[in-house]
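Asker: The lines below spell out each chain.
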Amino acid sequence: SQQGEEDPQALSIQEGENATMNCSYKTSINNLQWYRQNSGRGLVHLILIRSNEREKHSGRLRVTLDTSKKSSSLLITASRAADTASYFCALILTGGGNKLTFGTGTQLKVEL
Amino acid sequence: KAGVTQTPRYLIKTRGQQVTLSCSPISGHRSVSWYQQTPGQGLQFLFEYFSETQRNKGNFPGRFSGRQFSNSRSEMNVSTLELGDSALYLCASSSGQGLDEQFFGPGTRLTVL
Numbered sequence: 005s006q007q008g009e010e011d012p013q014a015l016s017i018q019e020g021e022n023a024t025m026n027c028s029y030k031t032s033i034n035n036l037q038w039y040r041q042n043s044g045r046g047l048v049h050l051i052l053i054r055s056n057e058r059e060k061h062s063g064r065l066r067v068t069l070d071t072s073k074k075s076s077s078l079l080i081t082a083s084r085a086a087d088t089a090s091y092f093c094a095l096i097l098t099g100g101g102n103k104l105t106f107g108t109g110t111q112l113k114v115e116l
Numbered sequence: 339k340a341g342v343t344q345t346p347r348y349l350i351k352t353r354g355q356q357v358t359l360s361c362s363p364i365s366g367h368r369s370v371s372w373y374q375q376t377p378g379q380g381l382q383f384l385f386e387y388f389s390e391t392q393r394n395k396g397n398f399p400g401r402f403s404g405r406q407f408s409n410s411r412s413e414m415n416v417s418t419l420e421l422g423d424s425a426l427y428l429c430a431s432s433s434g435q436g437l438d439e440q441f442f443g444p445g446t447r448l449t450v451l
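In the order they appear, the protein sequences are chains Z and X. The opening position of the first sequence corresponds to residue 5 in this note's numbering, with each subsequent residue numbered one higher. The opening position of the second sequence corresponds to residue 339 in this note's numbering, with each subsequent residue numbered one higher.
If we strip away everything but chain X, and leave its shape as in the complex, we get (with noise of 0.2 Å):
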């Protein structure tokens, strides 16, 4: 099966623009979550999709926003960056059936400028 997979992996923005990443799950996972890294704040859980519904949210503001589509792929939108939106971000994907373990992909490293 082929891993997760997030594009673009890197991206470079300047404040006040908006930005969409974008995550494919394994083949028949239905959950994808994501999360963000910062050095200062280590990783924080953004949200989690499951058939195309929010399932669960983090404690970020309104905006950060994401979306699950038919086939499982989500995308993450954030607008008016900020610098410290600077990180990496990670999608994880899941069967979303229970509470097992989650398969993360490479990650979009995020600068704002």
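In isolation and in its complexed conformation, chain Z is listed as follows (with noise of 0.2 Å):
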């Protein structure tokens, strides 16, 4: 079963605009990850923030997590249309190894 819930499941924005998409957890977590996929390709790595971090950033990437309320926020700024893709938290939990255990995904589209 998976651990992460992500909202919305769907968002469409227009370029420039910014998209923010959301994760919630029910466990004890080491690190949580995002991970962006076009077209049911592979996974791209985009931010790994562990769970004494409060805020990373990575270019035009924010990520937020609050351990007290079990969730974590990917922000884009400034989308553009190559930003079109799936994205994914994925939840590395105490105690689990190195297992992944995965959100359900935001479809992201940037529309020109």
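Just so you know, these hints were derived from the structure itself, not from any lab. Keep in mind it's a predicted model, so treat the numbers as computed, not measured. Glycine included, C-beta positions come from ideal geometry on N, C-alpha and C.
Stretches of chain X that chain Z covers, calculated by requiring three or more beta carbons in the stretch to come under 8 Å of a beta carbon on chain Z:
id, stretch
1, 381 to 387
2, 393 to 404
3, 419 to 432
4, 437 to 451
Simulated pairs of lysine to aspartate or glutamate, EDC-like, Cα-Cα distance not exceeding 20 Å:
id, chain 1, residue 1, chain 2, residue 2
5, Z, Lys-60, X, Glu-439
6, Z, Lys-74, Z, Glu-59
7, Z, Lys-74, Z, Glu-57
8, Z, Lys-60, X, Asp-438
9, Z, Lys-113, Z, Asp-87
10, Z, Lys-30, Z, Glu-9
Build the complex from these two chains, which are given one at a time in their own frames, with help from the hints.
Answerer: This is the structure:
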């Protein structure tokens, strides 16, 4: 069963706008990672945030983590058409080893 | 560094057959994990191999098995294929030394008829 729930399931925005997607989970984590997937291809690692971190940035990406609320958000600023993809949060659960537990994913469409 | 490679990219099999998928990790990485992706169940963890030993296992029947070779390349085998095994199979490579980012291959698209 999937531990991560993402919302929204689908998001459609105009190029240049910001996109925010959220991930909620139920148990203790070691870290949380965000991945992107284009049209059923392989997953591309975007960013990793550890349980003792609250915010991380990478280029146009900003990730926050609130362990008290068991939630994380991914913000993509100034979206481009090339950002159109599915985005997944993936959890490394405490005591779960190297196993990634994936969320349900958010389908982002960025229109010109 | 070359990325993670998976072969074959596409595969069509019939029910009851068996299939073997291959994954070559990034050079120097010793951990290979396998995931199954379907529209209904999403991304699910199959197993992880580290230094030729299975280190972690998901909730899949015994028809799904794997192994890792001394050069860290890994194979995954599915026996007695069922229609529900149709999926994208992804492998992920990592150093295996810590709980760090994993690098995914392009996947093998398996269709069972």
